[in-house]
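Enquirer: One letter stands for each residue in the lines below.
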Amino acid sequence: MTAVLHAEWIKLRSLRSTYLTMLCAIALGTGLGFLDTISIAHHWATMSAADRAAFDPVGDSFTGLVFAQLAFGLLGVLAISSEYGTGMIRSTLTAIPRRGAVFTAKALVVGAVALVLGEVFAFGTFLLGQATLATAHLDVALTSPGVLRAVSSAGLYLGVVALVGCGVGALLRHTAGGIAVMFGVIFLAWPVARALESWSYLPDKLVLSNAADVLGQVHALAVKPRLPSLGLAYLDLLLYLVVALGLGAWRSNRDF
Amino acid sequence: MLMIEAQELTKRYGSTVAIDRLSFQVRPGRVTGLLGPNGAGKSTTIRMVLGLDTPTRGRALVGGRPYRSLPHPLRDVGALLDAAAVHGGMRAVQHLSWLAASNKLPRARVGEVLGLTGLDAAAGRRIRGFSLGMRQRLGIAAALLGDPPILIFDEPVNGLDPEGIAWIRGLIQALAAEGRTILVSSHLMSEMALTADHLLIIGQGRLLADAGIHELVGPAEGATLEDAYFRLTRDAVEYRGTEVNR
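Top to bottom, those sequences are chains A and B. Everything in the first sequence is counted per the numbering used here, starting at 1 for the first residue and increasing by one. Everything in the second sequence is counted per the numbering used here, starting at 1 for the first residue and increasing by one.
A couple of the hints might just be wrong.
Cross-link-like lysine to any residue pairs, in silico, SDA-like; alpha carbons within 25 Å at most [as the list claims (entries may be wrong)]:
id, chain 1, residue 1, chain 2, residue 2
1, B, K104, A, P225
2, A, K224, A, S198
3, B, K104, B, D120
4, B, K104, A, G100
5, B, K104, A, G146
6, B, K104, A, A101
7, A, K224, A, L108
8, B, K104, A, G111
9, B, K104, A, W9
Examples of chain A residues toward chain B, derived with CB under 10 Å [said to hold, decoys possible]:
id, residue
10, V4
11, E8
12, R13
13, I89
14, K205
Rough simulated footprint, nothing fancy, chain A against chain B, three-plus residues with beta-carbon under 8 Å [to be verified]:
id, stretch
15, 47-55
16, 82-89
17, 93-102
It is worth saying that the hints were derived from the structure and are not from the lab. We treat Cβ as the ideally placed atom computed from N, Cα and C, and that holds for glycine.
Using the sequences provided together with the hints, build the complete structure.
Expert: Have a look at this one:
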């Protein structure tokens with residue numbers, strides 16, 4: 001298994017798309033959060049009471065997470081779909097005929113890289129945001145209650161999204177299709193769940209981006225009945241992981 | 001014995017029978033050609049030998065074992081698949097490096113096979129910019145990486161210039177002379193006549209001939225492999241144009 005992991009690590013490292021997607025994620029994600037915190041720090045004196053109540057020193061520095069997560073999902077999708085798109089999968093499976101091992105190694109390598117970069121992104125974005133908010137004395141420290149949990153969970157969330165991308169990529173074996181599904185999971189599930197609210201809040205509670213919101217904040221959670229609880233948000237991550245990786249593993253063992 | 005072996009190998013796609021109870025043995029020390037018209041099942045057969053496709057019935061063995069059970073297959077079997085089994089965004093040396101890592105082959109082999117196939121100068125270039133001939137050379141470098149006793153070449157001369165074709169012919173024959181087991185698929189008659197010692201001819205998924213090349217062509221003056229091939233595959237060709245009368 002170490003040999004397979006080593007091979008997958010070389011592959012991921014060799015591709016320009018890896019660097020491009022991660023660069024986009026970090027530039028967009030950090031940049032937007034930065035702009036948002038600048039705006040808040042600048043306008044705090046004139047903001048309404050409602051806006052002030054909605055302010056979350058951690059959550060508001062993660063505004064760019066919305067875009068970063070799509071790039072992380074894309075990293076996962078591409079890691080697998082590009083092998084089928086280019087035909088490299090035939091080389092891969094002649095070198096490593098154990099298909100389960102190939103999928104497992106890919107998921108482990110992509111998951112580990114995404115988790116590390118996700119945490120770097122989360123802590124970097126958080127620190128940048130706090131430095132900006134500090135100009136209006138609105139910042140919090142990592143040691144404040146819930147802050148370390150929220151920041152590290154935002155990084156964890158990005159790792160999970162990349163792994164969901166792996167599962168989707170393995171299931172569809174097609175880059176454009178995989179991106180479309182990730183777009184749906186990340187962005188389009190939310191309005192669908194909103195539309196179903198008159199019947200039930202359950203779909204809201206199962207939407208991945210709602211779980212991300214809850215995980216990446218420190219307060220004002222209980223106010224909205226449609227959001228999942230903190231425990232359920234972690235369970236959501238697990239649920240998406242199991243379903244996506246399960247489907248990906250199942251499809252990986254089938255001929256192409 | 002380091003043989004490639006098919007035992008009652010059968011592959012169905014829905015109601016279409018691609019390979020129909022195909023049995024053969026490919027022996028070491030000579031070049032065995034796999035010949036047949038388009039759609040005869042050459043590539044499907046090779047894919048099943050390499051574990052890329054699962055047979056509907058029967059089995060394929062390499063060195064007495066199913067390919068998928070080999071712990072480090074690149075050390076036992078080298079395969080040149082079609083030239084597109086690479087990621088264009090990778091550099092040649094990166095492609096060979098991950099292959100070497102996957103089978104715990106020494107890193108030095110990468111440089112050796114790049115030299116052997118004349119790709120030293122292109123080692124650091126992205127494969128996307130390679131000509132078809134260079135891609136074929138890279139595929140051959142990948143096949144030789146594990147210094148395997150069994151080698152399979154699927155349409156190796158596709159896209160090669162005359163110099164490349166002569167080079168690959170010499171390489172294949174030299175590998176056979178070292179006692180390796182060589183299976184080469186092609187639909188180019190003239191190339192097969194020059195390269196192969198033994199031929200497997202298939203048509204519509206069935207074995208039509210399994211014989212030495214001299215045996216097939218026959219002793220008659222002016223007899224060619226092409227004549228013998230057309231005689232054998234007469235009823236097994238799927239697509240045929242009408243004859244042109246001049």
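Enquirer: Look at each hint and say if it fits the structure.
Expert: Status of each hint after checking the structure:
Between K104 (chain B) and P225 (chain A), the direct Cα distance comes to roughly 54 Å. Violation of the 25 Å bound is thereby established for this hinted pair. Using a Cα cut-off of 25 Å, the hinted pair K224 (chain A) and S198 (chain A) holds, with the two alpha carbons roughly 15 Å apart. At roughly 22 Å between alpha-carbon atoms, K104 (chain B) and D120 (chain B) fall within 25 Å of each other, so this suggested pair holds. Distance restraint check for K104 (chain B) and G100 (chain A): the Cα-Cα separation of roughly 19 Å lies within the 25 Å cut-off, and the hinted pair is therefore satisfied.
In summary, the hint linking K104 (chain B) to G146 (chain A) is not supported, as the alpha carbons are separated by about 46 Å, beyond the 25 Å threshold. Restraint check for K104 (chain B) and A101 (chain A): the C-alpha separation of about 15 Å stays at or below 25 Å, so the hint holds. Using a Cα cut-off of 25 Å, the hinted pair K224 (chain A) and L108 (chain A) is violated, with the two alpha carbons roughly 35 Å apart. Proposed proximity of K104 (chain B) and G111 (chain A) is supported: the alpha carbons are some 23 Å apart, at most 25 Å.
With a CA separation close to 14 Å, the supplied pair K104 (chain B) and W9 (chain A) stays within the 25 Å bound. A hinted interface residue such as V4 (chain A) counts as satisfied when its beta carbon comes closer than 10 Å to some beta carbon of chain B; here the least separation is about 6 Å, so the hint holds. Taking 10 Å as the C-beta cut-off, the interface hint given for E8 (chain A) holds, the closest approach to chain B being about 8 Å. Against a cut-off of 10 Å between C-beta atoms, the interface hint on R13 (chain A) holds, since the closest Cβ of chain B lies about 8 Å away.
This hint holds: I89 (chain A) has a C-beta 8 Å from the nearest C-beta of chain B, less than the 10 Å allowed. At about 40 Å, the closest approach between the beta carbon of K205 (chain A) and any beta carbon in chain B exceeds 10 Å, and the interface hint on this residue is violated. Check on the stretch 47-55 of chain B: 5 of its residues sit with their Cβ under 8 Å from a Cβ of chain A, so the three-residue criterion for coverage holds. With a threshold of 8 Å between beta carbons, the proposed coverage of the stretch 82-89 of chain B by chain A holds, since 7 of its residues qualify and at least three are required.
Coverage of a stretch by a chain is defined here by at least three residues with a beta carbon nearer than 8 Å to that chain's beta carbons; for the stretch 93-102 of chain B and chain A the count is 7, and the condition holds.
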